Amino acid sequence: GQQLNQSPQSMFIQEGEDVSMNCTSSSIFNTWLWYKQDPGEGPVLLIALYKAGELTSNGRLTAQFGITRKDSFLNISASIPSDVGIYFCAGPSVSGGSNYKLTFGKGTLLTVNP
Amino acid sequence: SAVISQKPSRDICQRGTSLTIQCQVDSQVTMMFWYRQQPGQSLTLIATANQGSEATYESGFVIDKFPISRPNLTFSTLTVSNMSPEDSSIYLCSVETSGSKTYNEQFFGPGTRLTVL
Numbered sequence: 022g023q024q025l026n027q028s029p030q031s032m033f034i035q036e037g038e039d040v041s042m043n044c045t046s047s048s049i050f051n052t053w054l055w056y057k058q059d060p061g062e063g064p065v066l067l068i069a070l071y072k073a074g075e076l077t078s079n080g081r082l083t084a085q086f087g088i089t090r091k092d093s094f095l096n097i098s099a100s101i102p103s104d105v106g107i108y109f110c111a112g113p114s115v116s117g118g119s120n121y122k123l124t125f126g127k128g129t130l131l132t133v134n135p
Numbered sequence: 044s045a046v047i048s049q050k051p052s053r054d055i056c057q058r059g060t061s062l063t064i065q066c067q068v069d070s071q072v073t074m075m076f077w078y079r080q081q082p083g084q085s086l087t088l089i090a091t092a093n094q095g096s097e098a099t100y101e102s103g104f105v106i107d108k109f110p111i112s113r114p115n116l117t118f119s120t121l122t123v124s125n126m127s128p129e130d131s132s133i134y135l136c137s138v139e140t141s142g143s144k145t146y147n148e149q150f151f152g153p154g155t156r157l158t159v160l
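Residue numbers (our numbering), protein chains in the order written: chain A, 22 to 135; chain B, 44 to 160.
Hints were generated in silico from the structure; no laboratory data involved.
No farther apart than 20 Å at their CA atoms in a straight line, the calculated lysine to aspartate or glutamate pairs in the EDC-like style are these:
| hint | chain 1 | residue 1 | chain 2 | residue 2 |
| --- | --- | --- | --- | --- |
| 1 | B | Lys108 | B | Glu97 |
| 2 | A | Lys91 | A | Glu75 |
| 3 | B | Lys108 | B | Asp54 |
| 4 | A | Lys122 | B | Glu97 |
| 5 | A | Lys127 | B | Glu101 |
| 6 | B | Lys50 | A | Asp59 |
| 7 | B | Lys50 | A | Glu62 |
| 8 | A | Lys127 | A | Asp92 |
Some chain B residues near chain A, calculated using beta-carbon distances under 10 Å:
| hint | residue |
| --- | --- |
| 9 | Ser52 |
| 10 | Arg53 |
| 11 | Gln80 |
| 12 | Leu86 |
| 13 | Thr87 |
| 14 | Leu88 |
| 15 | Ile133 |
| 16 | Cys136 |
| 17 | Glu148 |
| 18 | Gln149 |
| 19 | Gly152 |
| 20 | Pro153 |
| 21 | Gly154 |
Taking CB as the label site, the calculated pair distances span:
| hint | chain 1 | residue 1 | chain 2 | residue 2 | range |
| --- | --- | --- | --- | --- | --- |
| 22 | B | Pro51 | A | Gly74 | 40 to 48 Å |
| 23 | A | Gln30 | B | Ser44 | 24 to 32 Å |
| 24 | A | Ala99 | B | Ser61 | 41 to 49 Å |
This one's a predicted model, so the numbers in the text were calculated from it and none came from an experiment. Ideal Cβ positions, reconstructed from N, Cα and C, are used throughout, including at glycine.
So that you can see chain A by itself, here it is in the shape it has in the complex (with noise of 0.2 Å):
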């Protein structure tokens, strides 16, 4: 099946830094979802790409479709303690048309130190 790359697998960063993470794969996706994971709790979606070079904020979160398809980032501006948690890339699985299969990365473990 597909594969997501996700780097880096953990970050420590002091209040106030910019954070950027990202995710690459050797297939193409038609959407790519960054989502928030809690400790404790569910993931939460931050932000939906749909187009090839689209670029989208969400507040202080800014994510970009990569132009080939293969690739996407998520960047974190002013970081704040609440920021911590696991972030994941996620894209629907292309592969035999089955696009609601959700393939996600393996997570960047973000940890702000106030």
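Chain B: place on chain A using the hints.
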């Protein structure tokens, strides 16, 4: 979006027993999904639960181990059968909302944290 609740939120079970996890959505949805998230790992799709038909299981997951029910458009259950310590995970249900702008967006419940002794 959709509001999703799961019961129980956590449980500690004995080896060899079974646990049924419930997922309730506040609106009617066609597609519901069950995921497993092993400790420190990403999410892995177990099966897709469609109302009125049998669940579709992913490679590595079988109906005898993870029977699923989907009696209506707002509810589903996942049973973890004959549990072993390797089944200790977070089990999450999710739903896909339809619409041109929300295609393929999935929303997740809070998860059920299962520990098998």
